[in-house]
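Trainee: So the protein lines, in turn, are chains A and B. So the first sequence is numbered by this note's numbering: it starts at 1 and just counts up by one. So the second sequence is numbered by this note's numbering: it starts at 1 and just counts up by one.
Note that these hints are calculated values from the structure, not bench results. Don't take every hint at face value.
[As the list claims (entries may be wrong)] One-sided excerpt, in silico: chain A residues whose CB lies under 7 Å from chain B:
(1) T20
(2) D30
(3) L128
(4) M148
(5) S151
(6) G174
[Unchecked claim] Derived DSS-like pairs (lysine-lysine); straight-line CA-CA distance at most 25 Å:
(7) K268/B x K205/B
(8) K268/B x K35/A
(9) K173/A x K268/B
Note that the structure is predicted; figures quoted are calculated from it, not measured. Ideal placement from N, C-alpha and C gives every residue a C-beta, glycine not left out.
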Amino acid sequence: MAETIPLEQVLGTWVAALLTLAIFSFLYRDNPVYKIAEHMFVGVSAGYGVVITWREAVIPDLIQPLLDPAAVDLAGPNYVVLIPGALGMLMFSRFFPRYDWLSRWPIAFVMGYSSGLAIPAAIQMQLLPQLHATLQPVWPAGEVTWWMALSNLLLFVGVLCTLAYFYFSREHKGALGVASRIGIFFLMVAFGAGFGQAVMARVSLLIGRVRFLYDDWWMTLVAPWFGGG
Amino acid sequence: MSGPSVRTIGPALALLLAATCAHAALPGAPLNVRAEDVEEDDRGTQLLVSWQAPEEIPDVPAASASYQIRCARLGMPAEPGPVVPIGETQSRLDGLKPWPWRPYEITVATRYDPPQAMILALNTVFGAEAPYALIESRPCGPVQPVGEWFRYDYTNILVLVIVISSIVLLTIYTVRGRAEEIYIRPIAGLEAVNDAVGRATEMGKPMVYVSGLSGIGDIATIASMLILGHLSRRAAAYETDIIVPCNDPMVMVAEREIVRQAYSEAGKPDAYRPENIWFVTDSQFGYVAAVDGIMVRERPAACFYMGYFFAEALILAETGNQTGAIQIAGTDADTQLPFFITACDYTLMGEELYAASAYLSRQPLLVAQLRGQDVAKAIIAAILIVGVAAATYAAIFESGWLAEKAAGFVAWFVA
């Protein structure tokens, strides 16, 4: 019954339902209702992002390590955080056109360390696991059955041919051409499987949203006014 | 009910619970508690706690005894750690933090639990956790694990980083003088970039450029910014507007610099409009809602999606498709590639995005780097062939020197 639901929940459900419908109205065409929802969404999320950054990054990673180290379990003030703090402050130089070149320093720093970090991370998270997963016996022996051996062989050929497709500095002719064409076939099979899986997930999201509109909003808050629910 | 009742064990447990409040070493408390860093733990997250068994463990009728390790940050209440059976005198504490976090104080307690039947009864009747009693040792500490500068279990990663980086650097060094002779296979999506700029110019409509949703440090974003530089030079030459809504404020700053530089290089610095490159929001779907609105209202002639994308890929590409824009996408997000392939005219798949900057600019350094990456790929292909042969040999001939070496070769690639 609508009477037993707390007021804040009723308001929250109404706002969520109306905004959901406003966003769905884009399916028909661009319209003022969609524009209102869009601008609210952008404004609220940008403001929320500022608060989150302040509470989840600036306070625990900069202010507390300096002024209240015990709150973040530190043995004492950690003055190292002054370096990223100072680099971050340089981003504010964008407000002063004469000194806006200073903002290139933090950008260069972030790009530099991220690129450096990405190399070992890519080897650890992508290259090595994929290499090791591919290095499997392709002949039945011991615990490896015929079926497993065939599967391993298919994986090996697929990886090798896909690698050939991404070979850029040689013309894709002859053996390399054949391998790269087989590689693109493997890629498309993988993309097809991924597409199907993702579409299923999206349909499930839509079902969740429609159920919210029907159960939580229409049947709980709207239908009782018309004697239903 | 068979076995001891609450009445039998209650006073004994109550007495022992009261005893836990005292901080001195009591009869029955473990002695000489020590905690030291675990040498083989290079991360600095483990301590090896050892102790000496008490001379006599007081017998509590029907209660089962064990040891419980308790760990407290200096000045904070202790938290229960692992429970160890009586008879053992050491255990590892995991999940700790090295310097500069606060050190720890460790105690080991003799723990008495009521019998299982009573625990079940207490849980069922009172819905509460069954009480247990502790006789705590004297605290040991402050103590802290020590992190090492080098993780030996990551040696294979270091070797591969050195090998692959050396190959790329060596190739750059040897071929950069004749980089213009190096062949780069045609990439359809990049051939179409110039056509897209031409179409926008002819129609007198702007182009929309989306550089993904990851931060400035992501390799895909860096590759995307290099493509944006090329595109901006073409747009400046033809005086076509390019709209760049950004998801990350740092990316926005960098992209403004890139586009400004491109307009200067094209000899049209006055045509540069910084207001066309702006920060929207860092919220994923808030950003998508805004970009969709821009596309529908501005009706761009061309849309570019280059960088790392998440679930918003299809929403963006589908909206762009409905506006009738020519669409070129490029991403290394393998889960989103199917959507771009479906909804866009051209798609750069995975590493094609990284190759784009070399392909478009033909700068000797970038072309030489691309050649170096290809050499590294050829070596990885060779490792695959040798590794699969080794794994097969090791599976067929399970024992013997060569089979062991083959199995060792395969195991070396465990991350």
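Trainee: Restraint: D30/A near chain B, CB-CB cut 7 Å. Satisfied or not?
Mentor: It holds, given that the least Cβ distance between D30/A and chain B is near 4 Å, below 7 Å.
Trainee: Holds or violated: M148/A as interface residue toward chain B, Cβ cutoff 7 Å?
Mentor: Status violated, d = 10 Å.
Trainee: Given the hinted pair K173/A and K268/B, is their Cα-Cα distance within 25 Å?
Mentor: violated, 43 Å
Trainee: K268/B and K35/A were given as a pair; does the straight-line alpha-carbon distance stay at or below 25 Å?
Mentor: Judged against 25 Å, a Cα distance of about 35 Å means the pair is violated.
Trainee: Report holds or violated for the interface hint on L128/A, using the least CB-CB distance to chain B and a cut-off of 7 Å.
Mentor: holds, 4 Å
Trainee: K268/B and K205/B were given as a pair; does the straight-line alpha-carbon distance stay at or below 25 Å?
Mentor: holds, 19 Å
Trainee: With a cut-off of 7 Å, does the beta carbon of G174/A approach a beta carbon of chain B closely enough for the hint to hold?
Mentor: violated, 13 Å
Trainee: Does the nearest C-beta of chain B fall within a distance shorter than 7 Å of the C-beta of S151/A?
Mentor: violated, 13 Å
Trainee: Tell me if the interface restraint on T20/A is satisfied: Cβ within less than 7 Å of some Cβ in chain B.
Mentor: Where the cut-off is 7 Å and the nearest Cβ of chain B is about 12 Å from T20/A, the hint is violated.
In this structure, the earlier hints numbered 1, 4, 5, 6, 8, 9 are contradicted, and the remaining ones agree with it.
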